[in-house]
Structures are given as structure tokens and as C-alpha cells.
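Enquirer: These protein sequence lines are chains F and E, in that order.
Here the first sequence is numbered in the working numbering, starting from 1 and rising by one per residue.
Here the second sequence is numbered in the working numbering, starting from 1 and rising by one per residue.
No lab work stands behind these hints: they were computed from the structure.
These numbers come from a predicted model, not from an experiment.
Beta carbons are placed, not taken as given, at the ideal position from N, Cα and C, and that holds for glycine.
Careful, some of the hints might be misleading.
If you want the footprint, here are the derived chain F segments under chain E, 3+ residues with CB under 8 Å [to be verified]:
1) 53-59
2) 70-77
3) 82-91
4) 102-108
5) 142-154
6) 277-289
7) 293-304
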Amino acid sequence: MVMYWVALLAISILIYLLLDGFDLGVGMLFGVAGGEAQRDAMLSTVAPVWDGNETWLIVTGVIMWGSFPVVYAMVMSAFYIPVLVMLLGLILRGVAFEFRGKALRSRWVWDVSFVAGSFAASFMQGAMVGALVEGLQFSNGDYTGGTLGWLTAFSALCGIGLCFGYSLLGACWLVRKCEGPVRDSARRQIPPLAIGVLVFLVFVFAYALVEHLPILQRWTDRPYLFVFPVIGAGAAAVLAKSMLRHDDYWPFNMVALIFVAAFATLALSFWPYMIPFVVTIDDAAAPHASLAFMFWGAGLFMFPLMLLYVAVGYRVFRGKTAPAADHY
Amino acid sequence: MDPTALLLSRLQFAFTISFHIIFPAFTIGLAAWLTVLEAMHQYSGKPVYRTLFAFWLKIFGVAFGMGVVSGVVMAFQFGTNWSVLSKMSGPIQGPLLSYETFTAFMLEAGFFGILIFGRPRVPPWFYLFSTAMVALGTTLSAFWIMVNNSWMQVPTGYVLQNDQFVPDDWPQIIFNRVVWVRFPHMLLASYLTGAFCVAATGAWYLLRRTYRAEAHVMLRMGLALAAVLLPVQFFIGHLVGDYVHDYQPAKFAAIEARWHDEQPASEVLIAIPDSTTESNRYAISIPVLGSIIGSMSLTSKEVGLTSFAPQDRPPVLIPFFAFRIMVGCGFVMLGLAWLGTWLGLKHRLDRNRLLLWGIFLSFPLPWVAILTGWYTAEVGRQPWTVYGVLRTADAVTPFLTASAAMTSLILFVAVYAFIFSFGTYYIYRLLRAGPAGLGGKPLHVPVPNRPMSLADQLPATRGYLEAGE
Numbered sequence: 001m002v003m004y005w006v007a008l009l010a011i012s013i014l015i016y017l018l019l020d021g022f023d024l025g026v027g028m029l030f031g032v033a034g035g036e037a038q039r040d041a042m043l044s045t046v047a048p049v050w051d052g053n054e055t056w057l058i059v060t061g062v063i064m065w066g067s068f069p070v071v072y073a074m075v076m077s078a079f080y081i082p083v084l085v086m087l088l089g090l091i092l093r094g095v096a097f098e099f100r101g102k103a104l105r106s107r108w109v110w111d112v113s114f115v116a117g118s119f120a121a122s123f124m125q126g127a128m129v130g131a132l133v134e135g136l137q138f139s140n141g142d143y144t145g146g147t148l149g150w151l152t153a154f155s156a157l158c159g160i161g162l163c164f165g166y167s168l169l170g171a172c173w174l175v176r177k178c179e180g181p182v183r184d185s186a187r188r189q190i191p192p193l194a195i196g197v198l199v200f201l202v203f204v205f206a207y208a209l210v211e212h213l214p215i216l217q218r219w220t221d222r223p224y225l226f227v228f229p230v231i232g233a234g235a236a237a238v239l240a241k242s243m244l245r246h247d248d249y250w251p252f253n254m255v256a257l258i259f260v261a262a263f264a265t266l267a268l269s270f271w272p273y274m275i276p277f278v279v280t281i282d283d284a285a286a287p288h289a290s291l292a293f294m295f296w297g298a299g300l301f302m303f304p305l306m307l308l309y310v311a312v313g314y315r316v317f318r319g320k321t322a323p324a325a326d327h328y
Numbered sequence: 001m002d003p004t005a006l007l008l009s010r011l012q013f014a015f016t017i018s019f020h021i022i023f024p025a026f027t028i029g030l031a032a033w034l035t036v037l038e039a040m041h042q043y044s045g046k047p048v049y050r051t052l053f054a055f056w057l058k059i060f061g062v063a064f065g066m067g068v069v070s071g072v073v074m075a076f077q078f079g080t081n082w083s084v085l086s087k088m089s090g091p092i093q094g095p096l097l098s099y100e101t102f103t104a105f106m107l108e109a110g111f112f113g114i115l116i117f118g119r120p121r122v123p124p125w126f127y128l129f130s131t132a133m134v135a136l137g138t139t140l141s142a143f144w145i146m147v148n149n150s151w152m153q154v155p156t157g158y159v160l161q162n163d164q165f166v167p168d169d170w171p172q173i174i175f176n177r178v179v180w181v182r183f184p185h186m187l188l189a190s191y192l193t194g195a196f197c198v199a200a201t202g203a204w205y206l207l208r209r210t211y212r213a214e215a216h217v218m219l220r221m222g223l224a225l226a227a228v229l230l231p232v233q234f235f236i237g238h239l240v241g242d243y244v245h246d247y248q249p250a251k252f253a254a255i256e257a258r259w260h261d262e263q264p265a266s267e268v269l270i271a272i273p274d275s276t277t278e279s280n281r282y283a284i285s286i287p288v289l290g291s292i293i294g295s296m297s298l299t300s301k302e303v304g305l306t307s308f309a310p311q312d313r314p315p316v317l318i319p320f321f322a323f324r325i326m327v328g329c330g331f332v333m334l335g336l337a338w339l340g341t342w343l344g345l346k347h348r349l350d351r352n353r354l355l356l357w358g359i360f361l362s363f364p365l366p367w368v369a370i371l372t373g374w375y376t377a378e379v380g381r382q383p384w385t386v387y388g389v390l391r392t393a394d395a396v397t398p399f400l401t402a403s404a405a406m407t408s409l410i411l412f413v414a415v416y417a418f419i420f421s422f423g424t425y426y427i428y429r430l431l432r433a434g435p436a437g438l439g440g441k442p443l444h445v446p447v448p449n450r451p452m453s454l455a456d457q458l459p460a461t462r463g464y465l466e467a468g469e
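Throw the hints in and build the complete structure from the sequences for me.
Expert: Below, the structure written as C-alpha cells:
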């Protein structure tokens, strides 16, 4: 039962990373789009699905609260400021979808809030992951690192890295969903973004080596973990090849695969810890009565149904989005 | 625990949840109304229903968006500000909120995209189905939230182990009597919000002498629904009062401003309760009525606040006045709905501009009633977070600093004020422009993945075609 909910939590986080990842990425690239027509076309590729994408963040949050209440309480309270900024970012970018089309003179306000909100949310998500990897200070289950204890050079670097990662995913999404100038400029953005992600990964690895982060020992203890970087490298190679062939469809899948590989590396490095080297899965698990209640309804039946809703949504809006939108 | 951080966290929770409830209260009713409109259009083929659907869908979109983004905050705020509560009650509240997310949020989110953008891409029956699914999602969400809050009001079906509330009787948690009066109370309140907004818009158009056909449908449907639902709402509200009387006697005494035990008890209609002297000033009360309302008896003894230790008493002023404002709003709405429906049946409503003004100006009443009702419930629950078991002061994140809490409160207030003023302005502008859309702007709006040719081929029906904004 505990393992089932660990698996569902991992799957939900991964789905969130991939779906809201491209969605936030499009939001960040929105800032450098050339002209109103292109911005409209970009927005219309995510407008029908953004709400569902963001719902996976709530799915992640409530699974964590219901199945691992200790972790939920510790992580959320430790990340008071980053969670706050992430939420405000998501609010500002979320309302932009509805408000932008209604605004006449004030449209630029929602363009700015869409871009800034996307950046803020992405950066904070990356920084929180970075802070967890680096290690947070807890004593007796209470966070003792101070209000800004999560903010270090490393966590800031991870924040920037995730902005690059999401933007790359967003650019690949635009290549897949658009035609004409939007696709062409997104295609031009992919190589620098991909190089940015690569540089970031090398840097993180070097930093871990220099600073002797505890994660390193995990990698030497568990050599099988290197399978995932190899998969990631393979995906990067296919990505490069598909770029050369001017393929619209495969780049997104390959970047998604790189995300999966990176996520699996991290998650398995910390196994069986949920908060690295502080709280294990078993320490954090909710009582059996809670897990079983969730399993027999939400877990077994509703979760597949949620995947079905997502599939229906993406199927209805499949294929290239028509350009030529004066506003959505 | 820092007392300032506690106070700021309480203010922040009160502020963010008050802001949030404004939108679901509206969209739950509106989603049901959209489903009815779409069904009536598909059944009768009358264009007026389609026009109204397209019009209200735009307003629904804006309100729904604000509800979604302000709702995400709620899922995380328990953990950031109330870490002790989330650790202790996670085994019960976590699964309940999981059910809400799994059954309701994903349903809403999945079909909302189709509702706004998908009309040209799916068959009509599937479009109606999508509308109904969004409505079902909003209703299920209200259900799980009421289960959750009811458990905090009347905790049941649990044992306390290792500082955690461990569930041992889920059916008791979900199917207890408290849930099944409070959920209908909230659901009806949402339907009444939708009904009054629709009716008020109709009255506004009649006063401005525009959109007569649409205005009549809106007035008729909105007022008739309200006229039927309001008496039911009063009855269910009475049942809600019964649970408070039985399970939360201190809250009940605060609502009644009853300081001392009385037998038989009088009912204070209006007064200024004074907690320093533990008495009421300028009280107008009716003898014996308090016993009748509390226990349906002429002789029962009703408990007063001084029977509880001072540290276990809720504040009196807010529950006392909030409750009376809620009930007052209910009576005004009842009068408007009955009078309006009666005159409407006699075809005299159009000429009665005074009543039309009254209906038009009544649109904030359901919101005022909902907010004051929640203030009664939540402030009356104090000093407890989980009634009788966990004090609010013990539930807050113990290491939260006042400066962090102050930062978040200021930022929430600033950002919410910003989006609220724009959001209500956009909704106002849509309502003022009416079903034909905003003048001077192209009425058809391209839908993602859809060529624009469809709208261009049918210029005569422009403005009635678009699925979204």
C-alpha cells in the first residue's frame, strides 16, 4: 500500500513536470516572441490544457498530504517563501489566460504577468529541488534553517537550470503544435536552450564533486543509476538528429525522455528517503487506514480515470493549432 | 509559537479563503445553469438559449479562472502556515482532499478546456456531456470540502495515536448527519448565487431596455429557481442550527448572545453583546422563543456562554452579527424572489421599475450571506481548529516568524486586490455589453486548432457562434 502511493506520487510529479513544464516553458518563451500574432499563436497551444496541467500540482500536494503527512508538513513549512512565490507566480500567469483576451488597453499587463509568473514559478520549483538535494536543516521534525535557509548558490543554480529545462520543453511543444514563424523561431531556440541545460547538468555534477554532496556516495554505491544518464544522452542524440531532419514531432518526446531520466536519477538516488537523509518513506507514511481508504477509490479507480480525462483533452486538441488568431 | 505569526496566519487564511469562496459559490451555480441552457437548446432548438449560453460561458470562464488560481493556494496553505494541523490531521484531511482532487478538480479541468474551446471539435452530445461534467465536478468539489470542514467542526470516526488523528470509521466521517445538512446548505447557497446574478442581469437589461428576450428568460428562470429554493434553504439552515446546538453549544450560545443559562430561554433579536460585562446592551428579545428555536420546546434549558471556561469561549460579536446579516439577506432575497415571480406570472414585472431596481441591486446579497454564514461557522468554532481537540494556537507552524507571515499576507492582499479589480471589471464589462458582445471588437473569436473560415462563412450569426471568449 505504501509502495503504491509512492509510485503514484512519483508518477504525478513526473506528469506535472512534463505537462506544466511545457506550459510554463511556453510562458517564459512568450517574453521573447516576435509580435502579437506569434504571442497569440503560442498562447492558443496551451490555453485549452493549462488548467489540467496545473491540477497535477494539486494532485501531487494532496497525495503527499494524505499518504505522507509528515513530509507534506515539513517540506511546505520549510519552503514558506518559495512556495509563496511559486503560488503567486501561478496565480498571475493563470489569470492571464482569461484576462488577456478580455483586456483592451491593459493587455500588456497580462503579457508581463504571464511571463513573470511563469519565471517565478519555474525558478522556485527548481530552487526547492536544489535545496532538498543539498540538504535542509531539521531537528525533531521541525525546520530550523531559517526563513531564507533554502536559498543558496546551488539552489539558485537549480532554479535557473529548471527555467532552461522548462523553456526547452516549451520550445519543443511549440515546434510540435505550430507552423510558420512561431515554429521556426522555437526551432532556433532549441539548440541554445539544450546547450544551457547540458551546461547546467555538468555544472551540478561538478558542484556535487567539489562540495562532496551526500548524493555522490549514492552514485558510487549504486552504479546502476548510471543507466539513466545514458538514456538521457541517447535521447539528446536523437533530439539533435531530429533537429537536423527538421522533424516537428520527435523533439518534444526526446526532451520529455531527458526529464524522465533526470527525475529517475534523482528519485532513485535518494531512495528510500523522501526528504533526503532526514525522513524515509516508512517514517512518513500515513496510517494504513488512510492509505487503504485512498487506495480503494481514488488510487485504484479515480487515478486511471484522471489519466483518461487528460487523454481525452489532448486528443480533442491534437494536431497543429491553427495560426492567425487575433486574440484567443 | 509566535503570537503575531499566529494572528497573521489566521488573517491570511481568512482572507485567502474568503476571496476563494466568492468564485466557486458563483461557478457551482453557473455551471449547472449552463448545463440546463445547453440541454434546453439542444432539446428545443431555440436560439435564445444558445445566445445565453455563449454569453454566460464568457463570464463563467473569468470566474472559473480566478477560482482555480485562488484554490491552488488553499492546497498548500495548510502545510505552510498550519504544519502541526497538517501533520496531525493529514491522515484524515489528506485523503478527503485527495478525493476532492481526484474526483472533482481533474474532471473540471479536463472538460473546462472542451467547454471553452471545443465546441467545433466535438459532437453536440459530447459538448453537453462536457458541460455536465464541469457542473458535476464543481458540485463534487463542494461535497468533499464540506466533508472536510464538517470533520473539523465535529470530529468523528478517529482515534488519537502518536499525535495523529488516525481514521477508524470512514463511513462515519463521510456519511454523518452534520455533512448531510451542511453540504446541501452550501450547494443551495451556490445555486441561489447563480440564480440571483442571472436574475439581476435580466433586471438590469430591462431597466436599460435592451436584450428584452434574453432578459425575460434570465429573470423568469433566476427568480423562479430562487423562489423555490429559498424556503428549502431556510429549512436546511434550521437543521444546520440544530447540529450547532447539539455539537457546538458554545458556538450556539455566541450566535444567540446568550451569556447565562436560561430556562425557558429568550431569543435575542438584536443587541450589542459586551464581553467585558458578559451581558447585552440595547437588547430586544422575545421570551421563550429561544427554547423553541433551540430545542423545539417551551420549557427547555438553554446553555449560556458563562457555562464555559473563558479560554474555551468563541468571540461573540462576529458570530452574533454575521449570523443576523446572513438571515437578513435570506429574508430580503425571499421577498424579492416571491414578489418578482408573482408579478412575472401576471406579466406586470416589466412595468414595476422599483422592483426591477431591487432585483438588480440584490446581486451581492447571496455572497454576503455566504461569507457571513462562513464567518459564523468558522469564528464560532474558535478557539479550536479541530473542535474540542486541537486549539488554533497549537495548530500553527511553530517556527513561523512574524516577518515571514507578514510578507506573505501583504503579498496575497496585493496580488488578490490586483486580480480581483481587473477580474470584476472584465466581468462587469461583459455583462454591460450583453449577449451581443463588446462593440467595436470582432465578435467571433478564433478557437485553437480551428480554421477561421467557419465564422467567416456565417457573418449573419456572428457573435452567437463562438464557443469561448
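Enquirer: Would you mind marking each hint as holding or not holding in the structure?
Expert: Each hint tested on the structure:
1. 53-59: That given contact holds, which follows from 5 residues of the stretch 53-59 of chain F lying within Cβ reach (below 8 Å) of chain E.
2. 70-77: holds (count 7)
3. 82-91: With 6 residues close enough to chain E, the hint holds.
4. 102-108: It holds: at least three residues are needed, and the stretch 102-108 of chain F offers 4 whose Cβ sits within less than 8 Å of chain E.
5. 142-154: As far as the stretch 142-154 of chain F goes, the hint holds, because 4 residues have Cβ atoms under 8 Å from chain E.
6. 277-289: holds (count 3)
7. 293-304: This one holds; 6 residues, not fewer than the three required, reach chain E with a Cβ under 8 Å.
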